[in-house]
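Colleague: Each chain is listed here by its residues.
2 protein chains.
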Amino acid sequence: MGMDIDTFVARSLGKWRSQRSAHHLAFAHFEEIRSMIEIEGLAKDDPSVLALCKSQGIDISAIATPFKMSWEGETDWNEDDVLKGQTILVPVPHVGDNSGENNSGKLLRDQGYAETIPAAGDYTITSDGTFVLTTGYDRAAAEEKIWFASDNLRFRVSLIKTSDGKGVTTSSLSSEVRILPKSE
Amino acid sequence: MGMDIDTFVARSLGKWRSQRSAHHLAFAHFEEIRSMIEIEGLAKDDPSVLALCKSQGIDISAIATPFKMSWEGETDWNEDDVLKGQTILVPVPHVGDNSGENNSGKLLRDQGYAETIPAAGDYTITSDGTFVLTTGYDRAAAEEKIWFASDNLRFRVSLIKTSDGKGVTTSSLSSEVRILPKSE
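Protein sequences, first through last, are from chains H and D.
Using numbering that gives the first Met the number 0, the first residue of the first sequence is number 0, and each one after it goes up by one.
Using numbering that gives the first Met the number 0, the first residue of the second sequence is number 0, and each one after it goes up by one.
The set of hints was computed from the structure by calculation and includes no laboratory data.
Mixed in with the good hints, there may be bad ones.
Where chains are identical, the list cannot tell them apart; a pair therefore holds if satisfied intra-copy or between any two copies.
To be verified - Capping the alpha-carbon separation at 30 Å, the derived lysine-lysine pairs in DSS-like fashion look like this:
| hint | residue 1 | residue 2 |
| --- | --- | --- |
| 1 | Lys165 | Lys53 |
| 2 | Lys144 | Lys14 |
| 3 | Lys165 | Lys14 |
| 4 | Lys43 | Lys165 |
| 5 | Lys53 | Lys144 |
| 6 | Lys144 | Lys165 |
| 7 | Lys43 | Lys105 |
| 8 | Lys43 | Lys144 |
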């Protein structure tokens with residue numbers, strides 16, 4: 000019952016109200032972040048997708064559904080901070096994956112969470128439908144697990160690790176509730 | 000590379016400083032809980048273990064390492080509340096489990112988290128070493144995932160569900176750091 004990446008992306012589309020708690024472990028600090036997240040599908044030949052693939056040397060025929068994630072929110076860590084941004088994400092499934100269902104591959108993004116340079120992570124979708132993404136940056140590494148509790152509720156656990164992967168500096172849980180379009 | 004339940008229990012023993020965030024989803028409320036958790040191994044013939052097995056009709060020869068979990072902490076939800084309690088837990092591995100490593104079974108406990116009657120949950124340890132526990136109560140169901148990032152750091156994600164298993168009322172993340180014994 001593995002889920003392929005196109006199905007995972009399709010289930011993720013829409014507007015989500017996110018409630019996120021981060022634990023800064025060294026000083027046992029709690030941070031609360033509230034945000035709205037929008038995830039939109041993109042055409043494979045969207046100029047931003049073509050540019051990202053070109054910068055990473057990926058042939059367009061190798062990609063699955065690309066998508067754009069935008070967010071806007073606020074944190075109680077610094078009340079003057081407005082968190083706002085967007086990133087383009089392009090999955091590149093491994094060819095000849097055991098399941099034949101594109102359950103693992105690379106995920107290209109034009110901005111990382113922890114740094115602001117283009118990055119590529121490695122994803123796997125486990126047999127219980129959890130999307131696991133690991134991304135290495137210059138000075139840190141990130142591990143994310145995302146899974147659906149129902150069509151309109153998903154959870155995301157993120158760990159920010161030291162670049163050697165041994166220590167965890169920050170952990171967080173996001174509870175994301177889909178904002179349903181109003182019926183007219 | 001599955002982990003057996005005795006190994007999981009052995010890795011869990013000790014004192015842990017827990018930082019827990021709960022999301023009460025219906026009203027997007029954040030709750031912060033700080034606590035100390037102590038997990039101690041028990042002898043299989045400890046009177047409390049014998050009593051629990053008897054109450055659930057389990058033969059003592061069928062059990063793996065029993066343990067006691069005690070906690071004491073405080074929440075910002077109600078500042079007068081002191082959270083304090085303890086529970087006895089007894090794993091009963093399934094016989095003839097595929098892996099031959101006792102990777103799934105029942106977990107008896109003399110108190111549940113969501114209600115205060117004896118309860119039995121079902122556990123599985125996944126191939127990546129995540130302990131997954133589901134427990135049904137009269138009016139709710141709980142799903143917990145616990146995994147180790149390193150010897151002295153573990154994470155626990157809990158979902159409290161409606162009894163039909165369809166809705167989630169509360170999600171939480173605990174980051175648990177082991178308090179190392181002082182060297183003398």
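Colleague: If a hint holds in the structure, say so; if it does not, say that too.
Modeller: Right, here's what the structure says about each hint:
1. Lys165 x Lys53: For Lys165 and Lys53, the Cα distance exceeds 30 Å both inside one copy (33 Å) and across copies (43 Å).
2. Lys144 x Lys14: both (19 Å within a copy, 27 Å between copies)
3. Lys165 x Lys14: Result: close only across copies, 21 Å inter versus 35 Å intra.
4. Lys43 x Lys165: neither (37 Å within a copy, 35 Å between copies)
5. Lys53 x Lys144: So Lys53 and Lys144 pass the 30 Å test inside one copy only (28 Å; across, 39 Å).
6. Lys144 x Lys165: The answer is both: 18 Å in one copy and 21 Å across copies each meet 30 Å.
7. Lys43 x Lys105: within (16 Å within a copy, 48 Å between copies)
8. Lys43 x Lys144: within (25 Å within a copy, 36 Å between copies)
Consistency note: the structure conflicts with the earlier hints numbered 1, 4.
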